[in-house]
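Chains A and B supply the protein sequences, listed in that same order. Sequential numbering from 65 applies to the first sequence in the numbering used here. Sequential numbering from 583 applies to the second sequence in the numbering used here.
Just so you know, the hints here were simulated from the structure itself, not pulled from any lab data. Keep in mind that this is a model prediction, so the values were computed, not measured. Don't be surprised by glycine CBs; every beta carbon is placed ideally from N, CA and C. Careful, some of the hints might be misleading.
To be verified - Distance ranges between label pairs, derived from CB positions:
(1) Ser216/A / Val803/B: 25 to 33 Å
(2) Gly88/A / Pro669/B: 46 to 54 Å
(3) Ser662/B / Ala124/A: 48 to 56 Å
(4) Gln861/B / Gln94/A: 20 to 28 Å
(5) Gln152/A / Met583/B: 24 to 32 Å
(6) Ala124/A / Arg884/B: 20 to 28 Å
Here are the chains, one letter per residue:
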Amino acid sequence: MKEKDGFIDYPDQQIILYVEKEDGQYGPIQTGSYLSANFMNDFLHKRKNLEAGLRGQLIAGKISPVRFYMVMEDLTLQELSARSGIRQSRIKKHLDPVSFGKVTADELNHYASVFNIPAANLLQVTLIFTNDEFQSNVILENKAKNISVTQSATQNPYVVLTKIEERK
Amino acid sequence: MTIPNFNHKMAAHCESGTLTSLLNYAGLEISEPLVFGISSGIFFGYFHKTKAFSFPTFIVRNKPGQMRKNIEKRLGVKFSTYTFNSPDKGMAKLDEIIPQNIPTACQVDFFYLDYVPSWERVHINAHFMTVIGKEGNNYVISDAYFPTIMQLDTGSLEKGRFAGGNMSPKGFMFHCKTIPQTIDFESAIKKGIKKACFNMLSIPIPFLGVKGIRMFAKKVVEWPEFARDTEHLSHEIMKINILLEDQGTGGAGFRFIYATFLQQAAEIIHKPQLKDLSQQLMIIGDGWREISLFAARIGKNRDLGQEKLRQLGDMIHDRADVEEDFFKNLSKAIN
């Protein structure tokens, strides 16, 4: 690849690409990601649709919160088990929305730690009204237009502090 | 505090970039392509169905951690390595080493790195970055994928270092211990190339090396069977581009950086044939890049019928043929 063909203007995701320079020597250039520069909207659109579809099933009682996050974070049963320390047979039960009721608070904390969310978020869905519609905080990640939602851990391992503020 | 005189540089790949930075800091002038080539980083493996991955996938480099082992073996460099059963002990050891001005590489799950944009984060336990200081509750991080030095809070670093699952890091960290007075680069380069040729041509496992590229070409038409819906299939097909281009490869699934290695190696060991081969590999890499772009395009357009997937498979199969010839010629040139 020639140096002139390697440059992509996309400051948000920079990468190192090895190219043929004008003097025939091969070497690195810092450039933007071609995929992100050209297809980011499509990626985000698919992610938003995936979340909305799973959320619909979650609210309708068709899947459990564990299934929701497992699919969102692209984890297999084996991976989730190895990461959470919870047996696969037990996770299988927690994937079912009814049997999820048998989950212990300790197991909730283990799942939450793997999913990198507060345990409380396995029992609630937070939607924020922004850009004329309710959108999931999982997707917005505190980037809503007028409202800021921040969650922080407390000394109590089962309690999260959620602050909702109007953006100035 | 931040370790003085540590030169943060972006790199094509996290492991070869981290190794290069540590070696440079310890006084050994060596480029990332040389580290990559000497450590036989170039590879191919296709995984159609495993319990660790939710969808078929492939790799374009050798096993995580292998680059460091190969560099140690071939350059005579010594690294101090550590793993831990207890996160407390793992973090305490890091806190003990950093104030001694020793840059220390850590293996982490990419998902827990808060400085990575959320849309980029995936659970992968094989990311390497270098801790170069600590300020309050935050570690100062040199991550080869970012243009500037980053900060990461203690909780996130601990989570990343002690994530469970496939290739669990177990707090693994390493730093440079000694650099030998003299290094036989000629021998190291030849050993690195021979092993790369063996890995690509002779491992008797049907999903590794050139055989793995052929399996990928054949099996990609079966990918719709694994997909939840069209958007999922589109996402996975577009991930071909991510794995070949964006996920730290230097472009074309490490083929461009390996071509650069061969060009540099030709000068060092006075073998002009390697320069010709580096040009051939640059062209082979352009072919991989066409695959990346094709995958991104059909994924975006949801043009994912059997005919398009067969076309994609044919393009991949063609890479297997040219790479088989290439590595055979490379093997001959080095022997």
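Original post:
Against the structure shown, which of the earlier numbered hints fail to hold, in ascending order?
Top reply: As far as the earlier hints go, 1 and 5 are violated by this structure, in ascending order.
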